[in-house]
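Visitor: Listed below, chain by chain, are the residues.
Number of protein chains: 2
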Amino acid sequence: MDDLLERLRAALPAEAVITDPDVMVSYGRDMASFCAAGLPAVVVLPRTVEQVQAVMRTATALRVPVVPQGARTGLSGAANASDGCIVLSLVKMDRILEINPVDRIAVVEPGVINAVLSRAAHEHGLDYPPDPSSWESCTIGGNIGTASGGLCCVKYGVTAEYVLGLDVVLADGRLLTTGRRTAKGVAGYDLTRLFVGSEGSLGIVVKAVLGLRPRPPAQLVLAAEFDSAAAACDAVCAIMERGHTPSLLELMDGTTVRAVNAMANMGLPDTTEALLLAAFDTADPAADLAAVGELCRAAGASEVVPADDAAESELLLQARRLALPALETVRTATMIDDVCVPRSRLGAMIEGTAAIADKHGLTIGVCAHAGDGNTHPVVCFDHQDADESRRALESFDEIMALGLELGGTITGEHGVGTLKKEWLARELGPVGLELQRGIKRTFDPLNLLNPGKLF
Amino acid sequence: MDDLLERLRAALPAEAVITDPDVMVSYGRDMASFCAAGLPAVVVLPRTVEQVQAVMRTATALRVPVVPQGARTGLSGAANASDGCIVLSLVKMDRILEINPVDRIAVVEPGVINAVLSRAAHEHGLDYPPDPSSWESCTIGGNIGTASGGLCCVKYGVTAEYVLGLDVVLADGRLLTTGRRTAKGVAGYDLTRLFVGSEGSLGIVVKAVLGLRPRPPAQLVLAAEFDSAAAACDAVCAIMERGHTPSLLELMDGTTVRAVNAMANMGLPDTTEALLLAAFDTADPAADLAAVGELCRAAGASEVVPADDAAESELLLQARRLALPALETVRTATMIDDVCVPRSRLGAMIEGTAAIADKHGLTIGVCAHAGDGNTHPVVCFDHQDADESRRALESFDEIMALGLELGGTITGEHGVGTLKKEWLARELGPVGLELQRGIKRTFDPLNLLNPGKLF
Chain A
7 MDDLLERLRA ALPAEAVITD PDVMVSYGRD MASFCAAGLP AVVVLPRTVE
57 QVQAVMRTAT ALRVPVVPQG ARTGLSGAAN ASDGCIVLSL VKMDRILEIN
107 PVDRIAVVEP GVINAVLSRA AHEHGLDYPP DPSSWESCTI GGNIGTASGG
157 LCCVKYGVTA EYVLGLDVVL ADGRLLTTGR RTAKGVAGYD LTRLFVGSEG
207 SLGIVVKAVL GLRPRPPAQL VLAAEFDSAA AACDAVCAIM ERGHTPSLLE
257 LMDGTTVRAV NAMANMGLPD TTEALLLAAF DTADPAADLA AVGELCRAAG
307 ASEVVPADDA AESELLLQAR RLALPALETV RTATMIDDVC VPRSRLGAMI
357 EGTAAIADKH GLTIGVCAHA GDGNTHPVVC FDHQDADESR RALESFDEIM
407 ALGLELGGTI TGEHGVGTLK KEWLARELGP VGLELQRGIK RTFDPLNLLN
457 PGKLF
Chain B
7 MDDLLERLRA ALPAEAVITD PDVMVSYGRD MASFCAAGLP AVVVLPRTVE
57 QVQAVMRTAT ALRVPVVPQG ARTGLSGAAN ASDGCIVLSL VKMDRILEIN
107 PVDRIAVVEP GVINAVLSRA AHEHGLDYPP DPSSWESCTI GGNIGTASGG
157 LCCVKYGVTA EYVLGLDVVL ADGRLLTTGR RTAKGVAGYD LTRLFVGSEG
207 SLGIVVKAVL GLRPRPPAQL VLAAEFDSAA AACDAVCAIM ERGHTPSLLE
257 LMDGTTVRAV NAMANMGLPD TTEALLLAAF DTADPAADLA AVGELCRAAG
307 ASEVVPADDA AESELLLQAR RLALPALETV RTATMIDDVC VPRSRLGAMI
357 EGTAAIADKH GLTIGVCAHA GDGNTHPVVC FDHQDADESR RALESFDEIM
407 ALGLELGGTI TGEHGVGTLK KEWLARELGP VGLELQRGIK RTFDPLNLLN
457 PGKLF
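Those sequence lines, one after another, are chains A and B.
In case it helps, my numbering puts the first sequence at residues 7 to 461.
In case it helps, my numbering puts the second sequence at residues 7 to 461.
Calculated directly from the structure, the hints in this document are not laboratory data.
One or more hints might be untrue.
Unchecked claim - According to the in silico footprint, chain B covers these stretches of chain A (three or more CB under 8 Å from chain B):
#, region
1, 174 to 184
2, 200 to 206
3, 246 to 257
4, 407 to 419
Stated by the list, open to error - Computed beta-carbon distance windows for the label pairs:
#, chain 1, residue 1, chain 2, residue 2, range
5, B, Arg219, A, Ala121, 25 to 31 Å
6, A, Leu410, B, Asp315, 49 to 55 Å
7, A, Glu142, B, Arg180, 41 to 47 Å
8, B, Arg219, A, Ser143, 31 to 37 Å
9, A, Ala121, B, Ala121, 42 to 48 Å
10, B, Asp290, A, Asp276, 41 to 47 Å
11, B, Val311, A, Arg125, 36 to 42 Å
12, B, Asp290, A, Leu410, 41 to 47 Å
13, A, Arg219, B, Glu318, 25 to 31 Å
14, B, Asp178, A, Ala289, 52 to 58 Å
Claimed, not checked - Distance condition first, Cα-Cα at most 20 Å in a straight line; then the derived EDC-like pairs of lysine to aspartate or glutamate:
#, chain 1, residue 1, chain 2, residue 2
15, A, Lys161, B, Asp287
16, B, Lys161, A, Glu440
17, B, Lys446, A, Asp450
18, A, Lys161, B, Glu167
19, B, Lys161, A, Glu167
20, A, Lys446, B, Glu440
21, A, Lys161, B, Asp133
22, B, Lys446, A, Glu440
23, B, Lys213, B, Asp287
Glycine included, C-beta positions come from ideal geometry on N, C-alpha and C.
Full structure from sequences and hints, please.
Guide: Pasting the structure below:
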């Protein structure tokens with residue numbers, strides 16, 4: 007232990023090595039419920055690649071596990087500390103190194119905040135699309151570790167599709183460069199993609215080459231109210247089947263609508279059983295909204311409200327942004343599921359989730375990136391009520407079982423961490439799990455990088 | 007040997023096990039020059055997953071290497087047979103199992119021809135974008151193995167971006183399912199992506215879930231003539247910097263233009279040093295072409311010809327399609343390079359390639375997926391002239407060295423095979439190579455799957 011701190015202090019500036027227990031506790035966990043967290047031996051905040059390499063060499067020499075962290079906005083416990091570990095926080099490596107409008111790339115350090123990069127790209131007429139809900143605080147390194155999604159994915163895809171190349175410090179401190187800064191490239195196995203979503207278990211990302219896109223026009227939003235979630239899901243299927251490409255296609259179930267109404271008085275009738283929000287950032291969004299509005303009406307929408315301008319669009323999106331905060335006030339705590347099903351099974355998923363809520367006598371609100379079939383059932387419970395907490399956990403699991411049954415995955419964008427370890431094994435099966443473990447051993451033979459996460 | 011054939015004949019129908027040497031020779035190699043090929047012990051043509059599993063179990067039991075093959079249209083020797091191997095051709099597994107317009111996916115066997123899938127998708131108003139030049143004959147399995155590109159990649163991306171999930175028979179015959187049929191999913195390391203571009207070295211793809219897109223409107227094409235390749239490259243940079251999203255942006259250098267003129271009398275002036283083709287499949291392609299035409303003129307284009315309709319567009323694309331056949335008539339043989347550089351370095355790449363041609367006294371025509379910075383320098387030589395062949399090989403290598411120097415990759419879309427093995431090591435460096443080999447060992451510990459390819 008003395009040896010560990012001595013080596014780290016020799017390699018890093020004094021203020022980059024934290025051992026104050028009160029401060030260390032604040033680095034203990036991400037935003038997931040029900041995930042164990044321990045007390046680290048030390049928290050380090052390197053500012054350079056060389057410092058990260060020194061930390062990993064020390065960790066390897068002394069066989070100390072390392073838990074990499076970004077802004078700890080994750081929802082699966084992947085960034086939770088374990089007892090005696092080194093917490094390696096990358097938040098001080100927060101420089102945007104380059105934005106190149108001809109090559110349409112950004113080169114960034116891992117601690118850059120998602121929204122900071124987005125705004126910097128905007129200054130060049132470009133856009134970095136992935137937009138997790140935590141975009142104002144989450145880091146690019148965390149986004150890469152989690153393979154984050156967001157609202158715009160239905161049109162623009164997820165984080166993985168924007169990561170072109172990486173600099174990674176390996177467990178033993180060596181530096182690996184993967185990928186490219188070109189538009190295309192197929193030289194060898196795609197190691198870049200392997201790191202995306204690896205939750206810090208294969209190496210420490212210290213630099214990323216990210217793809218950018220031309221900034222699209224401002225989107226125009228439409229809201230449609232339905233008397234049933236099934237009807238709203240029919241509308242989603244019709245919109246996608248007809249070849250539309252919305253820039254956003256979100257669904258909130260009746261439980262969520264009522265929670266939002268109670269919190270912010272959005273003026274939505276309490277009889278609304280599903281609210282669908284669709285948006286287009288095309289050359290003629292009004293025409294696209296008109297077509298989609300027709301499909302909503304045909305599917306049974308009781309009300310269709312297209313926004314006339316950006317300000318009205320923003321108002322409609324407010325309801326969606328309030329969904330999680332509103333559901334958090336229903337009881338004292340929440341667990342957020344992240345099941346993604348083929349969008350043709352979205353109706354069955356939402357219906358099944360309602361049945362699970364009934365069975366356990368719980369409130370479970372569902373908001374969904376409907377165009378992607380990615381549902382976030384939010385299980386509301388009183389964390390001081392042992393029986394209710396047990397039922398919450400059971401329903402959380404039953405929702406994942408339902409997702410797998412419907413041909414889906416246990417995680418569309420939040421990752422596995424410790425929260426869904428058992429479920430990952432179930433989704434992958436024994437052969438897949440064996441190969442995943444083999445890859446882990448190839449990169450981290452001593453099992454020092456975020457051990458106990460994923461599997 | 008007798009044991010091998012006996013086991014294979016027990017597991018496969020008689021006509022699926024070929025040992026006729028004359029027929030086997032025809033399965034010897036793909037379309038790459040200068041790549042060694044051996045005589046297989048046997049060629050097998052399974053029709054079911056179970057038959058592929060039986061072949062791999064036999065290969066593992068008897069320690070016989072297996073070379074998987076699609077249509078052998080590859081350009082790197084990746085599908086070339088080795089002496090005594092089992093050639094495992096997937097061309098008989100050619101069923102489209104499902105096309106789902108709501109989920110926008112196709113489920114296919116590996117032997118499906120790219121163009122057959124495209125046309126089937128069109129019937130549902132959908133599109134499978136990746137369009138290698140060999141699209142009328144190449145297979146989806148081959149496309150996945152190579153991570154193929156094509157003309158539309160500048161807007162729609164490469165094969166990798168459309169592969170959502172795979173069924174793979176492993177070296178020991180076990181069946182692995184990777185990925186998903188959902189729009190999103192982050193459950194564990196991305197094994198799906200690892201197989202894309204792995205050139206049959208990690209497993210045998212027997213089924214693929216592919217993403218489809220709504221079919222875009224027909225594209226409208228513009229041709230612009232320039233007095234220098236540098237000016238054309240300036241236009242490419244300006245087009246991309248201004249935020250345009252062409253569905254095609256192709257460049258042919260003066261050597262290529264003259265070869266095409268000689269072959270087909272396209273009426274292009276012999277003073278043209280670069281021909282740029284841009285296309286848009288947007289809602290108002292004429293307006294986009296007008297804007298891009300202005301940028302071409304500003305960059306120094308001597309002539310800008312926008313097509314008025316689909317028929318004229320098709321005529322303009324003829325020139326591009328003739329590029330390779332025309333260059334093949336310059337001498338008796340060609341070697342096709344595949345260097346991709348950041349598009350901001352495209353001018354330097356083409357200029358440097360011309361200098362290499364001068365130095366070696368050779369004709370090297372360049373056509374390029376210019377919007378992606380992906381150049382295909384075609385080295386023309388007389389294969390019966392030893393000295394000219396040597397110079398061709400040298401210039402082929404110098405072109406790759408130049409690409410790396412400019413921050414590019416040795417292969418944008420053709421892959422490594424045996425042709426670029428040494429260059430892959432150079433691009434990846436020792437750390438990257440070590441990890442790639444570790445992954446290979448995890449999947450194929452006996453080194454039976456396409457040994458000697460990649461590295």
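Visitor: If you check each hint against the structure, which ones fail?
Guide: 16 and 23
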